[in-house]
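Q: The lines below spell out each chain.
Number of protein chains: 2
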Amino acid sequence: LPLSIPASDIRKLAIIMVGLPARGKSFIARHVARYMAWRGHSTRIFNVGNYRRVMYGSDKPHTFFDPKNPEAAAARKMCARKALEDMTQWLTSEGDSIQIAIYDATNSTKERRAWLKKACDELGVRSMFIESVCRDHRIVDANVRATKIFSPDYVGKDPEQAISDFLHRIKWYEESYEEIEEDDTSYVKIIDVGKKVVVNNVYGYLPTRVVFFCMNMRVSARPIYITRHGQSEYNALGKIGGNSGLTELGKQYAQNLSKFLHDDILRSHPHLSIWTSTLRRTIQTAKAIGRPFLQWGSLDEIEAGEANGMTYEEMAQKLPHDFEERKRNKLCYRYPRGESYQDLILRLDPVVMELQRQEHAVLVVAHQAVLRVLFAYLTERPHHECPNLNIPLHTVIKLTPMAYGCEVKYYPLDDNIPATASMDHGK
Amino acid sequence: LPLSIPASDIRKLAIIMVGLPARGKSFIARHVARYMAWRGHSTRIFNVGNYRRVMYGSDKPHTFFDPKNPEAAAARKMCARKALEDMTQWLTSEGDSIQIAIYDATNSTKERRAWLKKACDELGVRSMFIESVCRDHRIVDANVRATKIFSPDYVGKDPEQAISDFLHRIKWYEESYEEIEEDDTSYVKIIDVGKKVVVNNVYGYLPTRVVFFCMNMRVSARPIYITRHGQSEYNALGKIGGNSGLTELGKQYAQNLSKFLHDDILRSHPHLSIWTSTLRRTIQTAKAIGRPFLQWGSLDEIEAGEANGMTYEEMAQKLPHDFEERKRNKLCYRYPRGESYQDLILRLDPVVMELQRQEHAVLVVAHQAVLRVLFAYLTERPHHECPNLNIPLHTVIKLTPMAYGCEVKYYPLDDNIPATASMDHGK
Ligand SMILES: Nc1ncnc2c1ncn2[C@@H]1O[C@H](COP(=O)(O)OP(=O)(O)OP(=O)(O)O)[C@@H](O)[C@H]1O
Ligand SMILES: Nc1ncnc2c1ncn2[C@@H]1O[C@H](COP(=O)(O)OP(=O)(O)OP(=O)(O)O)[C@@H](O)[C@H]1O
Ligand SMILES: [Mg+2]
Ligand SMILES: [Mg+2]
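As given, the protein sequences belong to chains S and G, one line each in that order. Going by the numbering used here, the first sequence opens with residue 92, and the numbers climb by one from there. Going by the numbering used here, the second sequence opens with residue 92, and the numbers climb by one from there.
Just chain S, same shape as in the assembly (with noise of 0.2 Å):
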């Protein structure tokens, strides 16, 4: 990545999650990992659950999980160090480069959190606790209703019997429970979904940006809609790049977008935002809507520099070297004196922010590789496929975050357009 980290500075994060079950832990777990294996580093999460249905099966009762049941204790402990082991051991696997491990389970008792912080310690890696907890009960009702009835520890039960076995779990948690305070630890508290956030003792590049992700971090499942621009003449005429306007088939995908905006997404999301680049034929596409939108420079088109104007004939011929390592290396390929998508992830951070925080329906109106990214971060796909994904021209895709993943669906707006078209930039 351009900004490569100070070698004093911290490349090896363990995540460890705290809370009583049903609180986010692992939502806000996978939500880390995603934002962190996007930006282009390592990131694993060691699930201690995981490890007690593979070991001891997952149609325990909630009698396992009593502190006072020695043996069922003894199990759980088990699953602690195995998945401990697993981590260390992941964590020392890959030489220098930078690592984020999330230790996902409750980890709810002082002792507990000791026990995993000393071995880090050992191992010269960092740690920092993310608990969350709520002090508003009707959240944690919400939760157990809307996912544990899923878990697959209730696989085939009656779901008001898994909603009760779920809710005694919880409570031989609450006897030994210890909200963390431990001052000299790195940690962030969550409280009511970020209604109120504590961080202590944080300090490095990589913990910042876990703490300001957290920060941004919404649970409202409102869409996200992204579509590229309508045709542009440099579509039409293959070249990459440029600052050119709408073809008449442009034209009339701004048309047909602002019909299925006013027909279909607006009644149902009437307090959904647009945003656009700065580019010409981003704006005209936006505008024939007839709503207000936001323009915004990180929305911009990955930088062709000097390949900018050319089409990518000509590109193999004048920059035959460039165009060589571009088809070897996609992904961190940069043109001379333009930009690489690892460039435009960096750029689109605070665009990633900014959608996350937003508690409302947004409407993206952008570029393809810029879409690509936005993409990559929303459906979690692997950093290096990120460059091939598919973004056709001509189709609104509407992203629906799910507890677990995202929904995707394609609104191909325009018969007419030649498949060719949507092919700009995705050689």
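FYI, nobody ran anything at the bench for these hints, they're computed from the structure. Watch out, some of these pointers could steer you wrong.
What the hints assert, rightly or not - Once the Cα atoms are required to be at most 20 Å apart in a straight line, the calculated EDC-like pairs of lysine to aspartate or glutamate come out as:
hint : chain 1 : residue 1 : chain 2 : residue 2
1    : S       : LYS262    : S       : GLU273
2    : G       : LYS287    : S       : GLU273
3    : G       : LYS280    : S       : GLU272
4    : G       : LYS168    : G       : GLU265
5    : G       : LYS280    : S       : ASP275
6    : G       : LYS409    : S       : GLU397
7    : G       : LYS280    : S       : GLU397
8    : G       : LYS280    : S       : GLU273
9    : S       : LYS409    : G       : GLU265
10   : S       : LYS287    : G       : GLU251
11   : S       : LYS280    : G       : GLU272
12   : G       : LYS280    : S       : ASP274
13   : S       : LYS208    : S       : ASP177
14   : S       : LYS286    : G       : GLU272
What the hints assert, rightly or not - Looking from chain G toward chain S, a few residues come up when the C-beta cut is under 10 Å (computed):
hint : residue
15   : ILE230
16   : ASP232
17   : ALA233
18   : ASN234
19   : ARG236
20   : LYS239
21   : TYR294
22   : VAL302
23   : PHE303
24   : ALA327
25   : LEU328
26   : ASN334
27   : GLU394
All C-beta atoms in this analysis are idealised placements derived from N, C-alpha and C, irrespective of residue type, glycine included.
Assemble the complex: chain S is given as a structure, and chain G with the ligands must be docked to it using the hints.
A: Frame of chain S; chain G with the ligands shown alone:
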């Protein structure tokens, strides 16, 4: 600014400082104000202490701050009211544009804070409190000794008497101090210079930026060194942009810079980090030093787009409209397919955050426009002056943050460089 803030988001923000005397309230206020002003927002501090000095004189002994002294309490309330009035008036004076007011006083009781919040609510202005708390008393002692003897309240006084009087003043405030814990208000509580931070009920783009900035703020006075690359081939030809290497003169500067670092700077700052852009001329310059350095795309020179590779004379001929436009408003002027200074400010925001976070000295080897933007931030120059600041070639500038302001020292390392060579991008 390219990122306009959604119309629905907060456009008027009143930041209200909270804390006992000598907790760094004015320090934080000035830093937040500087950052927001640099981003281009209209920002003003209302310091109640200044109102007191103007309205009642600056020679008041500590008994003036005794809450049981009714006359003095009434006088102090009068100052608070006058400052609030002025703030209210200012916040309604610039129509719909973004405005950030900072109300700097102890505001150490619940009652006082409720009074201020109510005034903001009635005005339709979002209020947000920033409290500084020191649990570690050594911090306060050091602050009093370092800054209060220079306070306008103690001009001509014996330092030991000043300190003793000020410590008495603190005692009076301590009698009625109530830490902020009002759950229904927006606040950031900074404990022990950021060791711990509590963020409550903070939503919206501007408040989130303020919080993130506060979390990255350091008070250590490590210097920041900035220098442009050595003279490049394009510099010598008077051409804009490009990615040329160093001339012989430029290479000589790289040597001089290296010598200067090893002979002078590195002795007192052995942990110095070196940052460059990703362009050849800064990399070549930094390489001569023989220490590891970070390449950072955000530090690349302003993108001149279609004017790239032209001389200013050519630009005047080929892009006459642009040439005039740039002369007229260099801050907002955006090169066709390139960037404006305002774009640059947004691009450099993460760099500024990183600079804030650093505990050790940093040397930034970059470019004229980029360094202008950083220099403007560090020395608190008005937004509109930024594009015309003079950053001479072949000169190291040392910037040392002081409690209030920044010390600037120039180290020209080359007698031979023709004066005009420092003029690219400078016209
Ligand atoms: N900060 C948060 N506080 C409370 N709930 C949250 C938070 N973030 C996400 N959630 C919600 O939590 C639910 C998911 O719960 P999740 O499975 O992540 O809990 P968990 O703490 O991992 O539980 P368990 O201990 O059983 O593994 C989702 O419905 C999500 O909306
Ligand atoms: N978060 C902080 N906590 C404690 N001290 C700080 C903090 N930030 C800056 N300082 C230090 O505080 C000192 C400046 O004090 P400052 O005048 O700003 O205090 P104040 O709270 O405004 O006092 P007063 O109530 O007298 O106006 C500086 O020396 C600075 O290093
Ligand atoms: Mg879980
Ligand atoms: Mg002050």
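Q: Can G:PHE303 be said to touch chain S, with a Cβ gap under 10 Å?
A: The hint holds - G:PHE303 has a Cβ within 10 Å of chain S, the shortest such distance being about 6 Å.
Q: Restraint: G:ASN334 near chain S, CB-CB cut 10 Å. Satisfied or not?
A: It holds, given that the least Cβ distance between G:ASN334 and chain S is near 6 Å, below 10 Å.
Q: Quick check on the hint: G:ASP232 CB to chain S CB, less than 10 Å?
A: G:ASP232 check fails; min Cβ-Cβ to chain S is 21 Å, beyond 10 Å.
Q: Double-check G:ILE230 for me: the hint is only fine if its C-beta lies closer than 10 Å to a C-beta in chain S.
A: It is violated, given that the least Cβ distance between G:ILE230 and chain S is near 16 Å, above 10 Å.
Q: Hint validation: G:ARG236 versus chain S, beta carbon distance must be below 10 Å. Holds or violated?
A: With a minimum Cβ separation of about 26 Å from chain S (threshold 10 Å), the hint on G:ARG236 is violated.
Q: For the restraint on G:ALA327, tell me whether the closest CB of chain S is nearer than 10 Å.
A: Violated. Min distance 19 Å.
Q: Are the Cα atoms of G:LYS280 and S:ASP274 separated by 20 Å or less?
A: The hint holds at about 16 Å.
Q: With 10 Å as the cut and Cβ atoms as the points, is G:ASN234 at the interface with chain S?
A: At about 21 Å, which exceeds the 10 Å cut-off, the nearest Cβ of chain S leaves the hint on G:ASN234 violated.
Q: Check whether the Cα positions of S:LYS262 and S:GLU273 lie no farther apart than 20 Å.
A: Roughly 24 Å between the alpha carbons, so the hint for S:LYS262 and S:GLU273 is violated.
Q: Next pair to validate is S:LYS286 with G:GLU272; report whether the Cα-Cα distance is within 20 Å.
A: Given that 20 Å is the threshold and the Cα spacing comes to 13 Å, the pair holds.
Q: Below or equal to 20 Å on CA atoms is what counts here, so check G:LYS409 against S:GLU397.
A: holds (19 Å)
Q: Taking only the CA atoms, is the gap from G:LYS287 to S:GLU273 under or equal to 20 Å?
A: holds (11 Å)
In the structure shown, a violation is registered for the earlier hints numbered 1, 7, 9, 10, 15, 16, 17, 18, 19, 20, 24, 25, in ascending order.
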